[in-house]
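Participant: Sequence:
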Amino acid sequence: MAGDVEGFCSSIHDTSVSAGFRALYEEGLLLDVTLVIEDHQFQAHKALLATQSDYFRIMFTADMRERDQDKIHLKGLTATGFSHVLQFMYYGTIELSMNTVHEILQAAMYVQLIEVVKFCCSFLLAKICLENCAEIMRLLDDFGVNIEGVREKLDTFLLDNFVPLMSRPDFLSYLSFEKLMSYLDNDHLSRFPEIELYEAVQSWLRHDRRRWRHTDTIIQNIRFCLMTPTSVFEKVKTSEFYRYSRQLRYEVDQALNYFQNVHQQPLLDMKSSRIRSAKPQTTVFRGMIGHSMVNSKILLLKKPRVWWELEGPQVPLRPDCLAIVNNFVFLLGGEELGPDGEFHASSKVFRYDPRQNSWLQMADMSVPRSEFAVGVIGKFIYAVAGRTRDETFYSTERYDITNDKWEFVDPYPVNKYGHEGTVLNNKLFITGGITSSSTSKQVCVFDPSKEGTIEQRTRRTQVVTNCWENKSKMNYARCFHKMISYNGKLYVFGGVCVILRASFESQGCPSTEVYNPETDQWTILASMPIGRSGHGVTVLDKQIMVLGGLCYNGHYSDSILTFDPDENKWKEDEYPRMPCKLDGLQVCNLHFPDYVLDEHLWTPHSGKPARVIVKDTRFMWGEVVKMEFCLNYMKLSFKIFYNRLFELHNLNMSNVQWDYFYICICGCRS
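full-length UniProt numbering applies: residue 1 is where the sequence shown begins, and numbers increase by one.
Take the hints with a grain of salt, since some may be wrong.
What follows is a list of derived Cβ distance ranges for each label pair [as the list claims (entries may be wrong)]:
#1 D598 <-> E391: 44 to 50 Å
#2 E131 <-> T402: 50 to 56 Å
#3 D185 <-> T402: 37 to 43 Å
#4 D160 <-> E6: 58 to 64 Å
#5 A19 <-> M181: 51 to 57 Å
#6 N553 <-> D253: 56 to 62 Å
#7 T238 <-> K179: 26 to 32 Å
#8 D187 <-> N146: 20 to 26 Å
#9 G488 <-> N146: 22 to 28 Å
#10 Q220 <-> P164: 38 to 44 Å
#11 T402 <-> E152: 49 to 55 Å
#12 T156 <-> D14: 36 to 42 Å
#13 E240 <-> K75: 15 to 21 Å
#14 Y242 <-> E152: 42 to 48 Å
Think of the hints as simulated: they come from the structure by calculation, not from any bench. Virtual Cβ for every residue (Gly too), placed ideally from N, Cα, C.
Put together the whole structure using the sequences plus the hints.
Facilitator: Set out below in structure tokens:
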């Protein structure tokens, strides 16, 4: 019908316009401007230049004198660089090399051709290496390149290769004081031992004597407490900067005090002792596989969500409790193998330091404990109730980190084991467990501010104080469950409901509950897909992870469940399964320096022979320690010990390296 309108779109219009300009350019037709650069003249079309470059668009459309000129002189760029840029405007292609990229980038920045700038940056970052790093830094700085992501990628390369770069004179010459300070303050340098960073700083200072005035300021960004005593004595105190810098002498004295006060290290939280690490690793201290004890090896869940095993010193303990104090891990009690080859409740306490991947045996608890609960409040670690093979008790004792000593405090109201403890608002909450008669719903809170003053307390002395206070009971009686504090609330997962009668009966408790301390109320949440006990629990990325344990179908688990507290939903298969099925595992999130992981990590399936090293560093400064626990462990039947070890790692006798026991010298790191 007359008046109807239909629209059509050409699929080749853009291409034909570009092709038309190229044809006119090649034939030398309608060229209306000549650009003079150095001694070279370049003819072009104003219209095309204005569509490709903001610089030329403003020049030819704004009230500028060049708008009406036929010949324009451009200064501050080279003819070689501009010829490549002009070719890109007409043809959309450009060839880059290390010989020409400098001039091309200069020209592209001059005429504000951002696409070519991005191509140049991508080319430079792809070609970056130790030999040309300083040149590329200078190039980007000279032209003020600030393209999104370019500086970040450059800094990542610099931080990844910081120590090797600091041995190159060209890099030392160009690296400014401000840049050096920003790099030293970056946790990405975690891949290098701190002594190497100090030596790198020395190289920068020695490169130009005028830089020595910055020594005191720079030194404050070196974390001397992360070094070994040997490194401080042999490499720091002997340097010329130790005599020159008052700040360096102060930092060294502080580090030596840190080394000497070995038991107080978890409380000496300062920048110099903090690990360079941006994100913690989910860490599993292995407990039991079925009914076989595993030395406390360490599993890490690292990006990209792969389980790794951390090789290094181990302790002969199946711990029941874990406590974290400023990124130090304390493993307490549980079970150990006695000289008779049987499992016994243990009073031993070991401390793990991820800074050096080392263990330290601390003072034993006053009594052996298994199936008990712990909590950290201030400088104290509290151990509550528990049992041995022959006895259940209600004693509570606390470990004073400052002096490495245990002392009894007000006991728990009743004999109990299989309970769980978590600290919330500086109070220790104890839930569930088994009493003399049955599984318990009881919730009791310990407030240290109300602690009694009893000169002599023993595990058999009941003292009535107001230190322990009952709270609202859980909805379900349970034992061998897990509890964790998150966002000001307590979450309880799984466990077992046990009824003690003539015959021992048990029933799983897959339920989840949350406790609100403000209202003193428990709320039932979504149950786990499959209940379990003896599992581990931690928080990662705003989700609560439940790992391993003994499932109610009678099988040990290697799976990981995740619970979203906001949505009240469980998910499976969010994370890869653990490399082995574990019960009685202890889980936490720890910061590790990357150099420790790079040196000691290996996959559980690599087939590398297992090694058991027991390291005791209770005495510093090189004194060899006689380790009774190690010697007792050696008294076990070699057949029993090795068979258990080999079964866990699928090893043959022929593959064994007979270097299982070492007495290590403290302060040395091989």
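Participant: Give a verdict on every hint.
Facilitator: Each hint tested on the structure:
{"no.": "1", "hint": "D598 <-> E391: 44 to 50 Å", "verdict": "holds (47 Å)"}
{"no.": "2", "hint": "E131 <-> T402: 50 to 56 Å", "verdict": "holds (52 Å)"}
{"no.": "3", "hint": "D185 <-> T402: 37 to 43 Å", "verdict": "violated (30 Å)"}
{"no.": "4", "hint": "D160 <-> E6: 58 to 64 Å", "verdict": "holds (59 Å)"}
{"no.": "5", "hint": "A19 <-> M181: 51 to 57 Å", "verdict": "holds (53 Å)"}
{"no.": "6", "hint": "N553 <-> D253: 56 to 62 Å", "verdict": "holds (59 Å)"}
{"no.": "7", "hint": "T238 <-> K179: 26 to 32 Å", "verdict": "holds (28 Å)"}
{"no.": "8", "hint": "D187 <-> N146: 20 to 26 Å", "verdict": "holds (24 Å)"}
{"no.": "9", "hint": "G488 <-> N146: 22 to 28 Å", "verdict": "violated (42 Å)"}
{"no.": "10", "hint": "Q220 <-> P164: 38 to 44 Å", "verdict": "violated (24 Å)"}
{"no.": "11", "hint": "T402 <-> E152: 49 to 55 Å", "verdict": "violated (43 Å)"}
{"no.": "12", "hint": "T156 <-> D14: 36 to 42 Å", "verdict": "holds (37 Å)"}
{"no.": "13", "hint": "E240 <-> K75: 15 to 21 Å", "verdict": "violated (48 Å)"}
{"no.": "14", "hint": "Y242 <-> E152: 42 to 48 Å", "verdict": "violated (36 Å)"}
Hint compliance for this structure: hints 3, 9, 10, 11, 13, 14 are broken, all remaining hints hold.
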